[in-house]
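Protein chains: 2
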Amino acid sequence: MAAKTTYPHFVDPQDVDFTLRASISNLIAKTLNVAGVDADSKGFGIRELKPQNRSWVLSRMAIEISHRPSEYTPYNITTWVSDYGRAMSTRNFVLDCEGEVFGSATTQWSMIDFNTRRAVDLRYIAEHNDAVWAEEPPIERAGKLPAVDAEATTEHRVAYSDIDFNRHMNSLRYFDLMLDCLPLEILTEDRAVRIDINFLNETRYGQLLRIGYRNEGDRWEFEIATEDDTIACRTTFEWR
Amino acid sequence: MAAKTTYPHFVDPQDVDFTLRASISNLIAKTLNVAGVDADSKGFGIRELKPQNRSWVLSRMAIEISHRPSEYTPYNITTWVSDYGRAMSTRNFVLDCEGEVFGSATTQWSMIDFNTRRAVDLRYIAEHNDAVWAEEPPIERAGKLPAVDAEATTEHRVAYSDIDFNRHMNSLRYFDLMLDCLPLEILTEDRAVRIDINFLNETRYGQLLRIGYRNEGDRWEFEIATEDDTIACRTTFEWR
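If you read the sequences in order, they're chains A and B.
Quick note on numbering: the first sequence equals residues 1 to 240 in the working numbering.
Quick note on numbering: the second sequence equals residues 1001 to 1240 in the working numbering.
In short, the hints are calculated from the structure, not lab data.
Backbone N, C-alpha and C fix where the C-beta goes; we use that ideal spot for every residue, glycine too.
Quick list of the computed label-pair ranges, beta carbon to beta carbon: (1) W133/A to P1074/B: 26 to 32 Å; (2) N1201/B to T153/A: 29 to 35 Å; (3) Y1205/B to Y205/A: 24 to 30 Å; (4) F114/A to N1129/B: 54 to 60 Å; (5) G1043/B to N215/A: 44 to 50 Å; (6) D149/A to R1210/B: 33 to 39 Å; (7) R141/A to Y1072/B: 30 to 36 Å.
Part of the chain B face toward chain A, derived, beta carbon under 7 Å: (8) F1018; (9) L1020; (10) A1159; (11) Y1160; (12) S1161; (13) D1176; (14) L1179.
For reference, chain A alone in the conformation it holds in the complex (with noise of 0.2 Å):
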């Protein structure tokens, strides 16, 4: 059934960083959460697709935040797809206090059958079809982007609690490495910041992971690749 749907949020302590308010990779977290409950009470979420052994797989992502709300806040994420085409799905995001949007996001995603190791033909997918709403992504969709000329690289090696049920990382570790090599205080003021990011491939438990990175006046270029020069993501943080 074509729908917006709306999800109520609340800023629990766990949810913060040390400025008291929603951390960047909190609300992405919780934003990609909703993808997967709206995608399961549409019926087409990962809980239909498993036993089929076919899984969504983010391929990109932009979300700008203007600023982030504060500890004890309740907050809403609303969710549409909003079109698609043969290999990939366009879901979006509007996250408000009372009404005032804070963070806006659209998101691609394909669907993979394991057994093919394929991409699966969304126009044969009736649930996902009659869940679009025809309404514009709320802002640009993430670009291409390109390879980044690293000036300084952290290593991180995927560990345990790193890893989701493939034993791949999770990629919402990334942001937390990613975020770990700011510096503090671009992340203790509240600055309105557009992150857009490219999923290329997967990493594996104990994969050892270098973090390289490139900074210019307010943004931040990432790219995370592996020993053998496998990129698994390549993200660009403006702040404004």
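Assemble the complex: chain A is given as a structure, and chain B must be docked to it using the hints.
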């Protein structure tokens, strides 16, 4: 008001590890969250204490987990304050799925006054006194753990994603650091485990932590310390 209170929970996809069961850290996180929510609801939680520049500090914890619930399983956490002295309060927890107990925990807390940097005399906190439910802890309290003669170590620098509002390492992150040192096989099997933790000193943003550990049979002892040998915590995992 004296009461044991039960809080309903659910194992969401973001709560599980690669075995598709709630992770040990997640069960500990949920348990400690319940401590905060219950204390807040009874008028002696951190929401009340913050304006007075006071807070609860977790000193020791013991938890026994017989098995970990699977994704999409509802469960309950029941909590009560069993007793307290001048400086230390004991809060207990029982975790059950449809009445079948799978986890029990007992924790010891002191209340710190940040103005004086000293423990508050709990005998004068009326709301806390009124909440006591005189039922013994469900498991033996955590004892005082001795120094660990480490046979292996890893390192971790305290980063943005680790810290709380005081820019101290969030206690829950220690569990991730320790569990990440274990062979994946131990975490693959859903074995019963008892965990004893002593929290000794806070660690701060930017400090380099040394995670030392020692294994004998089913027993793993951990000690986390800073570069200047301040001990942050000691923990024993005893698999059964």
